[in-house]
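Engineer: Make the full structure from the sequences, and use the hints.
Each protein sequence line maps, in turn, to chains F and D.
Note that this note's numbering numbers the first sequence so that position 289 is 332, with each residue one more than the last.
Note that this note's numbering numbers the second sequence so that position 293 is 336, with each residue one more than the last.
No lab work stands behind these hints: they were computed from the structure.
Fair warning: there could be bad hints in the mix.
One copy or two, either will do: identical chains are not told apart, so a pair holds if it fits within one copy or between any two.
List of simulated lysine to aspartate or glutamate pairs, DMTMM-like, C-alpha gap at most 25 Å [stated by the list, open to error]:
1. Lys-301 to Glu-197
2. Lys-301 to Glu-396
3. Lys-210 to Glu-396
4. Lys-291 to Asp-138
5. Lys-127 to Asp-208
6. Lys-45 to Asp-96
7. Lys-332 to Glu-359
8. Lys-45 to Glu-253
9. Lys-210 to Asp-120
10. Lys-291 to Glu-197
11. Lys-127 to Asp-214
12. Lys-362 to Glu-335
Protein chains: 2
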Amino acid sequence: MKLQISDLEDLARGAAFLGTGGGGDPYIGRLLAQAAIAEFGMPEVVEPEDVPDDAIVFTAAMLGAPTVLIEKAANGDDIDLALKRLSQRTGKTPDYIMPIEIGGLNSMLPILAAARAGLPLINADGMGRAFPEIQMVTFNVYGISPCPASIVDEHLNSVIIEAHDAKQAEDLMRAVAIQMGLSTLVSVYPMTGKDVKAYGVHYTLTLALEIGRHIRQGREKGDPVETLLAYLRTTEYYNKCLVLYDGKVTDIRRETTKGFAVGHCHIDPLDGNGPAMTIQFQNEFLIAKKGEETVTIVPDLICLVDRETAEPITTESLKYGQRVKVLGVSAAAIMRTPESLNVFGPQAFGIDEAFTTIEKLNAI
Amino acid sequence: MKLQISDLEDLARGAAFLGTGGGGDPYIGRLLAQAAIAEFGMPEVVEPEDVPDDAIVFTAAMLGAPTVLIEKAANGDDIDLALKRLSQRTGKTPDYIMPIEIGGLNSMLPILAAARAGLPLINADGMGRAFPEIQMVTFNVYGISPCPASIVDEHLNSVIIEAHDAKQAEDLMRAVAIQMGLSTLVSVYPMTGKDVKAYGVHYTLTLALEIGRHIRQGREKGDPVETLLAYLRTTEYYNKCLVLYDGKVTDIRRETTKGFAVGHCHIDPLDGNGPAMTIQFQNEFLIAKKGEETVTIVPDLICLVDRETAEPITTESLKYGQRVKVLGVSAAAIMRTPESLNVFGPQAFGIDEAFTTIEKLNAI
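Structural biologist: Set out below in structure tokens:
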């Protein structure tokens, strides 16, 4: 794919949708990416199959609670330093930059990082959505270490972490991120082109861009949600999808705890009849129930959008009285394997319920 | 000086005294050092004036709350890894190992580290006592950075910290240490022989050994506290000293909070007459008051010992009913400069009282 500066608005909207409520608001990320592109030029986007097996690939992301991330922003030097420290520790110079998650702000950060570094960007990520913790990516599921991992704050304090497993790396990074004020830049999962080809979720930059584009085109036609669903049905990963619920937000419980935005929201029918929907979240929406019945569960995607404009709604922008549609969307096949479910299935979030696919839960 | 394996018991006792209640119990450290010396041999001890200006000096220490440190122990591999990671990051191989604090467990750790690394040990440290925080050393006072700083846990997870100032380094190290379970090995303040000569507190291994030796010899004569005081009066740093109080412990408040053992204790006269003594601590004893009157204040040393045997008493071994003598001892001159008082004077511990020397407070 070729990315234009005029694509960034659609890409940001699509990334917000795939953020499933989390991943931070891409708006600031988009502004920062636009500024970086104006200064350094748009990075070339390379398809995963075109990356040489022995190429060195670094990721770039922000780590923190979205409620804090929107208060602060990457200043550029911190991104450069995160890559530099990882390069110093590994003794390797990156050939490519890749997103670790396509959902939310972290779709934009790698564009910014690649533009500043003058490196191409890979059209893939490690989840095809957003997740709250560092170990929750396909690369970890299939044995790639997140370490050495570098983490940098806006004052350019930096930390390199080397842990034995990805969960220990997550715990240490989270402790450092909290101390750093929950607005940090990280570069983790240094890997090779071969790893990206084997374990990445491919073409997700394209998918995010097309999702954002179809929402915009649907608005022009007056049916953004239907236009979006029609597009999703043509995709490789997101083709099982439906409107789970149409209603208004009647209750939100949200707190920033241990570095995460944790809580739940209730949605009632517009006409007041029928069962309510309850959605639980930890940065991202995790499980949606209609009455007592689970209708979508992680790692499948639960996406809230404005019921008129299909604008994606993040957990931090959830408001009482909002009119929303709740969409359920299938995750990529690699995200639903037993190995993957061990790492980011319902149990990983303390939910005592087995994963069942959205197509089975909703007989679609 | 030349250190013998038979000296370690005296050294540990003297280091516990200079720990001023903190620094961890040197007992486990002594056992570990003895085992390392049996396996690797006793390291050569070098006087600071004999270290070449351009020599590379690394420190080795445990970081955590003493109440936790005594539960766990350095396994050797973690010490080696702390030095190795620092070496990798700095690109320098250490020529010497040095204690960062002589008080408590951290007098022994560098012996262990030096024995394992086959390197000589410098007869100096950065405080001539113990302190709870990484920035509270003379090296920081005079502009040496604690970074890069390496920190390792017993599972051999490792972290490298590079912060702009020593307090930020402390905050990040503490956050990591808490996540690591408060039993960590660190190597901080990589420096040169020139730095050690200019800013170190010199000959403190000798001083700790002699303090421990005089307590033991005093016991044989039946007056360990007096023998100890007589020795201290002959030393360069600790020559202003006295028994501040003789009594029994009647109250202890102690909690492990934010990675520190924080609290206070009350001591009443043995005969019940006269004002009580109150001592406040954060890992180390910070201020001793007789009634309302301050009699010793940090960075001067407050040392509790058993009133019969002069065995040093740490904050974690304080017990209700203990019969103790409280000794006040002058700190090294470099520890009392205005620059030093900015970093580890009373205000650094939230004590709203200016530093006054023990000799002025007690007219000695």
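Engineer: Now tell me, hint by hint, if it's right for this structure.
Structural biologist: Consistency of the hints with the structure:
1. Lys-301 to Glu-197: Cα proximity of Lys-301 and Glu-197: in one copy and across copies (20 Å, 24 Å).
2. Lys-301 to Glu-396: Close inside one copy (24 Å), not across copies (36 Å); limit 25 Å.
3. Lys-210 to Glu-396: Within one copy only: 22 Å inside a chain, 45 Å across chains, cut-off 25 Å.
4. Lys-291 to Asp-138: This pair counts as neither: shortest intra-copy Cα distance 47 Å, inter-copy 69 Å.
5. Lys-127 to Asp-208: both (23 Å within a copy, 20 Å between copies)
6. Lys-45 to Asp-96: within (22 Å within a copy, 57 Å between copies)
7. Lys-332 to Glu-359: within (20 Å within a copy, 51 Å between copies)
8. Lys-45 to Glu-253: Within one copy only: 13 Å inside a chain, 74 Å across chains, cut-off 25 Å.
9. Lys-210 to Asp-120: between (28 Å within a copy, 22 Å between copies)
10. Lys-291 to Glu-197: neither (38 Å within a copy, 51 Å between copies)
11. Lys-127 to Asp-214: For Lys-127 and Asp-214, both the intra-copy (23 Å) and inter-copy (23 Å) Cα distances are at most 25 Å.
12. Lys-362 to Glu-335: This pair counts as within: shortest intra-copy Cα distance 23 Å, inter-copy 56 Å.
In this structure, the hints that do not hold are numbers 4 and 10, in rising order.
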